[in-house]
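Which chain is which? The protein sequence lines are Y, E and X, in order. Okay, so the first sequence: first residue is 1 according to this note's numbering, each after it adds one. Okay, so the second sequence: first residue is 1 according to this note's numbering, each after it adds one. Okay, so the third sequence: first residue is 1 according to this note's numbering, each after it adds one.
These are computed hints drawn from the structure, not numbers from a lab. Even glycine gets a Cβ: it sits at the ideal position worked out from N, Cα and C. Please note: incorrect hints may appear among the correct ones.
Label-pair distances were calculated between CB atoms; the ranges are [claimed, not checked]:
#1 89/Y to 56/E: 50 to 58 Å
#2 18/X to 127/E: 29 to 37 Å
#3 238/X to 163/Y: 45 to 53 Å
#4 306/E to 96/X: 47 to 55 Å
Covered stretches of chain E (in silico footprint by chain X; criterion: 3 or more residues with CB under 8 Å from a CB of chain X, positions within the stretch not fixed) [claimed, not checked]:
#5 217–224
#6 230–237
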Amino acid sequence: MPDGKSTVSKPPVPKSPAALGKTTKDSEDINRRSFFSWLSFGWIGFVAATGGFFTMMLRFFFPNVLFEPVQTFLAGYPDDYIIGEVDTKWKDKYGVWIIRNDQGIYALSTVCTHLGCTPNWLASAKKFKCPCHGSGFKSTGINFEGPAPRPLERYRIVLADDGQIIVDKTKKFQQEKGQWEDPEALLKV
Amino acid sequence: MGSFKEIVNTISNPTILFTSVVIIFPFVFPPSDWFEKWHRKLGLHHLWSKKAIIIAMIGMIAFFIYGLGDYNFQKIVLKPDNVPISGLIFLVVFFTWLSMYQAYKNDERLEAGQKPDEFYEAPNDKVLVWPDLVYVELISLIIMSAFLLVWSIGLPAPIEEPANPTESPNPAKAPWYFLGLQEMLVYFDPWMAGVVLPSLIIVGLMAMPFIDRNPENSGFYSFKRRRLAISLFMFGWLVLWVMLIIVGTVLRGPNWNFFGPFEYWDIHKLEALTNINLSEIVYIKWLNTGLPESILIREIWGILIIMGYFLILPPLLAKTALKDMYGRLGVVRYSVFIVLIITALTLPIKMYLRWIINLKYIISIPEYFFNF
Amino acid sequence: MSEEKQKSLLEKAAESQIWKSIFRGGGVPRNRRQRMMSVLNSVFLHLHPVRLPKHAVKLKFTWCMGGLSFFIFLILTISGILLMFYYRPTIEYAYTDIIDLAEQVPFGIMRELHRWGAHAMVITVWLHMFRVFMTGSYKPPREFNWAVGVILLLLTLLLSFTGYLLPWDQLAIWAITVGSNMARATPFLGSEGPGASLLAIGDINFITMGSDARFALIGGRFMGEAALLRFYVLHCIGLPFIIMIFMAVHFWRVRKDGGISTPV
Numbered sequence: 001m002p003d004g005k006s007t008v009s010k011p012p013v014p015k016s017p018a019a020l021g022k023t024t025k026d027s028e029d030i031n032r033r034s035f036f037s038w039l040s041f042g043w044i045g046f047v048a049a050t051g052g053f054f055t056m057m058l059r060f061f062f063p064n065v066l067f068e069p070v071q072t073f074l075a076g077y078p079d080d081y082i083i084g085e086v087d088t089k090w091k092d093k094y095g096v097w098i099i100r101n102d103q104g105i106y107a108l109s110t111v112c113t114h115l116g117c118t119p120n121w122l123a124s125a126k127k128f129k130c131p132c133h134g135s136g137f138k139s140t141g142i143n144f145e146g147p148a149p150r151p152l153e154r155y156r157i158v159l160a161d162d163g164q165i166i167v168d169k170t171k172k173f174q175q176e177k178g179q180w181e182d183p184e185a186l187l188k189v
Numbered sequence: 001m002g003s004f005k006e007i008v009n010t011i012s013n014p015t016i017l018f019t020s021v022v023i024i025f026p027f028v029f030p031p032s033d034w035f036e037k038w039h040r041k042l043g044l045h046h047l048w049s050k051k052a053i054i055i056a057m058i059g060m061i062a063f064f065i066y067g068l069g070d071y072n073f074q075k076i077v078l079k080p081d082n083v084p085i086s087g088l089i090f091l092v093v094f095f096t097w098l099s100m101y102q103a104y105k106n107d108e109r110l111e112a113g114q115k116p117d118e119f120y121e122a123p124n125d126k127v128l129v130w131p132d133l134v135y136v137e138l139i140s141l142i143i144m145s146a147f148l149l150v151w152s153i154g155l156p157a158p159i160e161e162p163a164n165p166t167e168s169p170n171p172a173k174a175p176w177y178f179l180g181l182q183e184m185l186v187y188f189d190p191w192m193a194g195v196v197l198p199s200l201i202i203v204g205l206m207a208m209p210f211i212d213r214n215p216e217n218s219g220f221y222s223f224k225r226r227r228l229a230i231s232l233f234m235f236g237w238l239v240l241w242v243m244l245i246i247v248g249t250v251l252r253g254p255n256w257n258f259f260g261p262f263e264y265w266d267i268h269k270l271e272a273l274t275n276i277n278l279s280e281i282v283y284i285k286w287l288n289t290g291l292p293e294s295i296l297i298r299e300i301w302g303i304l305i306i307m308g309y310f311l312i313l314p315p316l317l318a319k320t321a322l323k324d325m326y327g328r329l330g331v332v333r334y335s336v337f338i339v340l341i342i343t344a345l346t347l348p349i350k351m352y353l354r355w356i357i358n359l360k361y362i363i364s365i366p367e368y369f370f371n372f
Numbered sequence: 001m002s003e004e005k006q007k008s009l010l011e012k013a014a015e016s017q018i019w020k021s022i023f024r025g026g027g028v029p030r031n032r033r034q035r036m037m038s039v040l041n042s043v044f045l046h047l048h049p050v051r052l053p054k055h056a057v058k059l060k061f062t063w064c065m066g067g068l069s070f071f072i073f074l075i076l077t078i079s080g081i082l083l084m085f086y087y088r089p090t091i092e093y094a095y096t097d098i099i100d101l102a103e104q105v106p107f108g109i110m111r112e113l114h115r116w117g118a119h120a121m122v123i124t125v126w127l128h129m130f131r132v133f134m135t136g137s138y139k140p141p142r143e144f145n146w147a148v149g150v151i152l153l154l155l156t157l158l159l160s161f162t163g164y165l166l167p168w169d170q171l172a173i174w175a176i177t178v179g180s181n182m183a184r185a186t187p188f189l190g191s192e193g194p195g196a197s198l199l200a201i202g203d204i205n206f207i208t209m210g211s212d213a214r215f216a217l218i219g220g221r222f223m224g225e226a227a228l229l230r231f232y233v234l235h236c237i238g239l240p241f242i243i244m245i246f247m248a249v250h251f252w253r254v255r256k257d258g259g260i261s262t263p264v
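Please work from the sequences and hints to get the whole structure.
Structural data, given as structure tokens:
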């Protein structure tokens, strides 16, 4: 223990005062100084250990395994979808709108980019309208009104070997990052 | 009577409501001599008399009773979770009056050279906790318990449909005490409205005793000698908090559109609001060039405006309008104070920018989730 | 006649050994000294000083809002404990348990008491704060206690908010969805907050949907069972534990900073 050195507080009786007086004082100084340096080492070590412990405790909030529903599903054949229409049949189960336009088919996330409410498709106004804070999106997913900061996300959409559509929600494409150009973001038919 | 409802609906339009409140406010809670003069001239100090509160209470009760005859108003007010807000309106009005009434009385006493009403001669004027305080407490507790019991028996707690993660209710509202925040979310990005501004409210409240260094008038109600502090606090509390809660509860309907209190909540009410960013105004409307590729060039105007607002405005004010205050508070206190105040002011500023020019963001960098 | 008899009965009871063993000093406090001792000798009452300035017992001045907040907190604790006997925090049972609470349990107003009490507590805490502000009672030496009070207000709101999810109805999950998505926008710590993408090495993001502030709050990438359990634990144990510590400090400092504020 570094504390042991703190006991050197009583000046030792000098044998020959003239010669030893100064050195004793010096060594005492060094002792005190080194004691403090040891003490600060101790404190830094203590703070680091406690800090490290609590950081590890934060990790406790992030489990290694998550039990969540499957994120991929089969969405029927391309011919099931009519050009220019928003299909809402997968909304309740998987949270996906499938939309077909002249260029192809894409899967739009039903999660509003503002705060995660589920917008409603208003067929008459031809827009998705979020009930929470009034964000509006065009059928492409582009935001045009309300507080939503960016367009809706699109999911990976590809064809399976048997010609069915696979929607994979684990891979997202964001328009503002230019990811909608990705071949998997739009199924060309 | 129909026209009365029309008038109320029109006044409730946020632009009119908010503007008139902001204009009237400093005359009701005058922060300076000039306002104080007009406050007296307009007779607004009579608001804090006994007569005024009786009239106000009767007026509010009459309005509620009248409103309950209206289907749309009734539907909002009688929704179980909205009941506390009706109570809150009465309580806030009453307690604001009660404090101001006592404050004005004390102000008069002080002006006449007397001691405030709460003054006592220590130690002769003291009372014993047992039984004086203990009985007051006991009676309060009994009244509160009875009140809660009656409320609980009379009004079942609401329970809606089972949770459905794919179907948001329309409108989807936060608990009422967070509706002020939800209102801010319309004008700000979530990181501002949901994280930064609430934290600043907390920090600002905690910093208050360190900024308000006026040592006078602690321990009794008073207004005159701390009118700036009180009118600022009242603005934050009554206008930016309580009023926004009422707006969020009563005036926000389906699709988060505005509805008057007597207006039918039409889910198909169309409000064509196409909001645009500052960069789009500059480059597309004014310069006709289209948005530049580089984010920095695109957003430079917004960044300059924000930097100017937060970095140049405070020292400018310190040299001019707020010179006295700067001298009184010193650099550190002044900086904290002014940053809190001008951050709070971004809310009304952004509200007006949204209403007038449909501005969405001053800085908009969705690539990095940074929108302001 | 009967009054006299009652009085003497009470007095007799107050002089019995049992009474004296429970209430230190014993006897019905009649004179000034006994009244002071009855406050000093009680663990609950000595939250108070023995003597107070006159305005401290006037409702006109105090509004009693601080005391009522604490009282409602006690009501909420008791009714909350009772509710825990019937409520299971799982998606399968949460909603039906809440329905049963009203329909299958005798004296089925505990949930009402809890919910309306929570609303009332938010209001009383606000009004208490408002009173403290209006009387200038946050000024030295009470600055620190004012800060503690602000934290208590925050904790009250958080308790209310976490409780909101537990019925697992539409109102609940959408309020919490919106609330927890705000955490996602936290600067640097949220996956969609400004600055989060700066905390990355090459293509590897450290702050993702699976590792940000929102995840810590709801225990998953989507609103689900983990969120319900986390909010349940926070609501029933975590936050009450913290708020009690702060309340203890708050009450202690009220006394130490000179009791109720008075004009100088």
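_Hint check, failures only_ = Every hint satisfied by this model.
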